[in-house]
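Working from the sequences, and respecting the hints, build out all of it.
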Amino acid sequence: MANFSIDVNGESRQVNVDPDTPMLWVLRDELNLKGTKFGCGIAQCGACTIHLNGEAVRSCSTPISAIGNASITTIEGLSENGSHPVQEAWMEEDVPQCGYCQAGQIMSASAMLSKIPNPTEADIHQNMSGNICRCGTYPRIKKAIMRAAEKGGNNE
Amino acid sequence: MSNQLTTNRRTFLKLSGTAGGGLILGFNLYGCATLPSDPLFTALEINAFILINGDGTAIIRAKNPDIGQGVKTSLPMILAEELDLPWEKVIVEQAELDSRMGSQFAGGSTGVKTNYDNLRKAGAAVRDVLVRAAANQWNVPITEIKTEDGFVISGRKKLHYGHLAEAAAQLEVNENPPLKDPQDFKIIGKSKSDVDLQKIVTGQPLFGLDQEIDGMVYATVLKPDVFGAKLRSFDATEALKIEGIIDVFEIEGMDNPTRMVDGVAIVADKLWTAFKAKKLVKANWSNPRGYIASNRQLMADFKKGINAKGEVLREDGNVDSEFRSNNNQIEATYDVPFVSHSQMEPMNFIADVRENEIDLTGPTQTPGSAAGLANMITGIPRENIKVKFTRIGGGFGRRLGNDYASEAVFISHKLKRPVKLVWNRENDFLGDYYRPAGCYHFKAAMEGSKLTALDVNICTTSRYLYRGSSPAHGTEAFPDQQPAGMVPNFRIAYTPLLTNIPVGALRTPGMNATTFAYQCFMDELAQNAGKDPIDFQLEMIGEEDRDMPYSDHGGPSYNTTRLRGVINRVRQESGWDQPAKDGVSRGFAGQMVFGTYVACVVDVRNANGKIKVDQVHIAADCGRVINPIGAEAQIQGGVTDAISAALYESLELDRGKPKAQNFDQYQKLRMKDSPDVHVHLTDSNEQPQGLGEPSYPILFPALVNAVSRSIGKRVRELPLKKHGLV
Ligand code: FES
Ligand code: FES
Chain G
1 MANFSIDVNG ESRQVNVDPD TPMLWVLRDE LNLKGTKFGC GIAQCGACTI HLNGEAVRSC
61 STPISAIGNA SITTIEGLSE NGSHPVQEAW MEEDVPQCGY CQAGQIMSAS AMLSKIPNPT
121 EADIHQNMSG NICRCGTYPR IKKAIMRAAE KGGNNE
Chain S
1 MSNQLTTNRR TFLKLSGTAG GGLILGFNLY GCATLPSDPL FTALEINAFI LINGDGTAII
61 RAKNPDIGQG VKTSLPMILA EELDLPWEKV IVEQAELDSR MGSQFAGGST GVKTNYDNLR
121 KAGAAVRDVL VRAAANQWNV PITEIKTEDG FVISGRKKLH YGHLAEAAAQ LEVNENPPLK
181 DPQDFKIIGK SKSDVDLQKI VTGQPLFGLD QEIDGMVYAT VLKPDVFGAK LRSFDATEAL
241 KIEGIIDVFE IEGMDNPTRM VDGVAIVADK LWTAFKAKKL VKANWSNPRG YIASNRQLMA
301 DFKKGINAKG EVLREDGNVD SEFRSNNNQI EATYDVPFVS HSQMEPMNFI ADVRENEIDL
361 TGPTQTPGSA AGLANMITGI PRENIKVKFT RIGGGFGRRL GNDYASEAVF ISHKLKRPVK
421 LVWNRENDFL GDYYRPAGCY HFKAAMEGSK LTALDVNICT TSRYLYRGSS PAHGTEAFPD
481 QQPAGMVPNF RIAYTPLLTN IPVGALRTPG MNATTFAYQC FMDELAQNAG KDPIDFQLEM
541 IGEEDRDMPY SDHGGPSYNT TRLRGVINRV RQESGWDQPA KDGVSRGFAG QMVFGTYVAC
601 VVDVRNANGK IKVDQVHIAA DCGRVINPIG AEAQIQGGVT DAISAALYES LELDRGKPKA
661 QNFDQYQKLR MKDSPDVHVH LTDSNEQPQG LGEPSYPILF PALVNAVSRS IGKRVRELPL
721 KKHGLV
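Chains as they are written, first to last, in this note's numbering: chain G, 1 to 156; chain S, 1 to 726.
Because the hints were derived from the structure by calculation, they are not lab data. Be aware that one or more of the hints could be misleading.
[To be verified] In silico BS3-like links for lysine-lysine, alpha-carbon gap of 30 Å or less:
#1 S:Lys-199 with G:Lys-115
#2 S:Lys-230 with S:Lys-659
#3 S:Lys-146 with S:Lys-158
#4 S:Lys-279 with S:Lys-414
#5 S:Lys-414 with G:Lys-143
#6 G:Lys-143 with S:Lys-672
#7 S:Lys-668 with G:Lys-143
#8 G:Lys-115 with S:Lys-668
#9 S:Lys-276 with S:Lys-668
#10 S:Lys-190 with S:Lys-89
#11 S:Lys-146 with G:Lys-143
#12 S:Lys-612 with G:Lys-143
#13 S:Lys-241 with S:Lys-279
As structure tokens, this is what we get:
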């Protein structure tokens with residue numbers, strides 16, 4: 001066990017965990033931020049996607065010991081009350097089915113749009129293909145990303 | 001105060017029992033003594049489904065688990081419609097297990113279809129007591145009262161539902177309340193976004209995995225990597241040295257493998273600790289009965305199975321004599337693999353087993369049976385077992401069984417403390433109940449372009465035989481499936497195969513395999529006869545308006561006019577009769593599935609022998625559509641899900657062990673390969689049917705027929721990946 005101080009959603013948080021603990025479990029079970037989801041544990045499904053200094057990373061495969069001073073954003077910290085353009089577009093297109101993968105999808109999409117404000121279909125394919133949606137919401141995800149881009153989705 | 005009231009009424013109900021009619025409408029007792037005096041009271045329960053608030057809004061309980069099929073939105077829409085309350089004044093709440101609500105489960109695309117009439121009545125009955133309460137108060141006849149926008153109105157008198165709730169709660173319920181004329185529907189048929197939408201996109205804790213209870217510890221399980229193996233012994237010495245480990249012990253499987261199987265429980269103060277310690281537990285397993293070592297062995301068993309004399313499920317005319325006199329014969333064998341559910345939320349459940357009470361919380365499609373299992377394991381009476389069911393991160397049939405809930409109960413019972421059980425993804429592949437693999441043999445005789453005889457032999461790893469129920473053919477083979485009844489000489493026989501591979505229901509159980517085989521074979525016959533595949537099937541269906549007897553799910557009959565309707569619609573919408581774009585090949589399939597009519601056209605491209613799905617058109621007639629935006633999502637989702645299975649998915653065995661135990665090996669469809677899916681819904685006033693499943697099976701044959709055309713060779717085995725086509 002070791003003490004860590006990390007920057008999560010703009011706040012400094014202290015935890016005492018094993019250094020090899022993936023950020024996923026630190027967020028979920030230590031900080032009670034349950035929005036970040038567990039799907040595979042091996043960086044294959046994207047359900048656990050968070051932003052590390054604005055980059056989309058898979059928190060299941062990022063141990064807390066690798067965080068250092070980097071700032072972490074989770075779905076809970078993306079906006080107050082879901083007002084990020086990507087979240088709004090997601091609501092306008094009624095994207096989720098079961099909803100389980102959607103936090104990860106939104107985190108991947110918002111990270112992409114902050115770098116590529118007007119993505120092509122190829123950009124979307126490339127940046128979103130690390131996230132599995134078992135319910136098959138891909139057609140609506142694509143529409144929502146296009147909609148967010150039109151409204152200026154790089155709101156970070 | 002009002003909560004108090006609710007509790008009192010519930011208790012009274014339990015003591016007094018209910019009348020049958022009351023149960024159907026979810027009503028409890030009337031004429032209560034204490035009622036809220038505060039005008040800002042909340043949640044006055046008028047019946048099991050509807051609670052009125054003092055401000056005129058209402059809480060509507062969503063009775064069934066939501067696995068992504070949208071019933072947490074669509075079922076309350078039906079209640080709100082007949083309650084005649086604007087959707088904006090409705091607050092939807094997930095129900096708990098509650099016997100007044102009738103059966104509460106998610107399966108078979110039955111949510112809307114089996115609840116539509118009752119929920120209309122239950123909503124209308126509440127509106128009816130509100131109207132009568134107003135009539136009493138104003139001393140005017142009911143005929144001079146109307147409801148509008150959540151108000152009861154007579155001339156210039158106007159009160160909202162909150163004003164009348166107390167008086168209404170004391171009136172006798174009318175078991176046959178007046179229902180709306182569907183022409184006046186304001187909510188049903190209008191798109192409503194998912195009631196949890198905002199919570200989902202902001203990451204609120206809705207799912208089973210997100211729940212916590214006081215004092216809980218975490219558990220995970222070690223499973224054998226050969227399915228059904230029995231635990232001989234285990235050594236946890238190393239695991240127990242890890243800081244934070246609480247206990248490691250055997251989980252004894254129950255005699256029925258669908259209830260709970262052997263494993264080792266690892267309990268710790270943190271989940272990550274349990275996951276780590278699991279790797280240090282060494283266990284010894286014995287090989288199970290019906291052990292299948294390889295896919296090749298399975299294929300050999302299937303070939304034996306379809307050559308055996310199976311049980312004849314239906315016989316029309318005389319197939320054998322037609323084969324003797326008609327030499328224009330065609331034969332083909334189709335194979336489908338075991339497919340994993342791979343729902344995104346891994347199995348998890350919370351159990352708190354106390355002296356004589358149990359609280360269960362978690363994602364289950366069948367909360368009632370979770371309670372039943374908890375009772376079997378602990379002996380604690382059913383009435384002392386509470387079940388809260390959460391939003392579910394994908395069901396697809398996996399959570400019809402509650403083996404993981406059983407494990408949570410077993411562990412909590414043994415430890416005497418609350419436990420949250422969580423599987424990792426590897427557990428999920430090792431502990432899945434796969435879509436049964438099967439083999440489908442067809443032999444046909446043709447006269448010109450007319451099918452004169454069809455002999456079908458099916459052998460599958462029956463999920464009924466696996467779980468010890470009968471008949472074994474259950475939903476593995478459908479005697480009345482199209483084209484049965486359209487062919488003068490027809491026979492279907494079935495042979496079950498028992499293996500150690502756990503099998504269960506997966507989205508359109510059985511139908512997702514038979515539809516692939518039948519509709520591909522129809523395409524072969526059309527091609528053989530030199531006919532357009534759509535013309536071929538339309539001719540077989542005929543032009544008369546017929547109700548074809550259908551003894552399975554979706555019956556008792558299906559209508560040929562509605563079937564032709566969706567086929568013609570997809571033909572037109574997909575531009576079937578215009579030449580395809582350069583490099584595009586098309587495939588078609590159309591059929592009734594679980595009461596809904598579906599027809600599909602798939603466009604594929606072939607780039608150097610690799611298939612790319614270009615676009616999909618699908619027409620569906622599910623009767624009256626409750627929530628169009630949700631309906632479209634279900635159809636798109638089913639199609640997209642099926643593309644994933646058709647392209648990539650199969651359980652591959654290596655010395656009895658699944659080669660794929662996570663998404664690095666078990667490929668799923670991703671954004672880059674996901675095509676546009678154009679949905680064409682029939683505008684209909686017929687009785688509503690389900691939509692969570694019917695689009696799934698129809699995609700397989702439409703896609704594979706397109707692929708066969710594209711490569712100039714018949715593909716008769718799934719997935720396409722096996723043939724190097726993706
Ligand atoms: S849980 Fe991290 S990528 Fe799947
Ligand atoms: S919405 Fe269910 S997995 Fe994506």
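Structure-inconsistent hints, enumerated in ascending order: 5, 11
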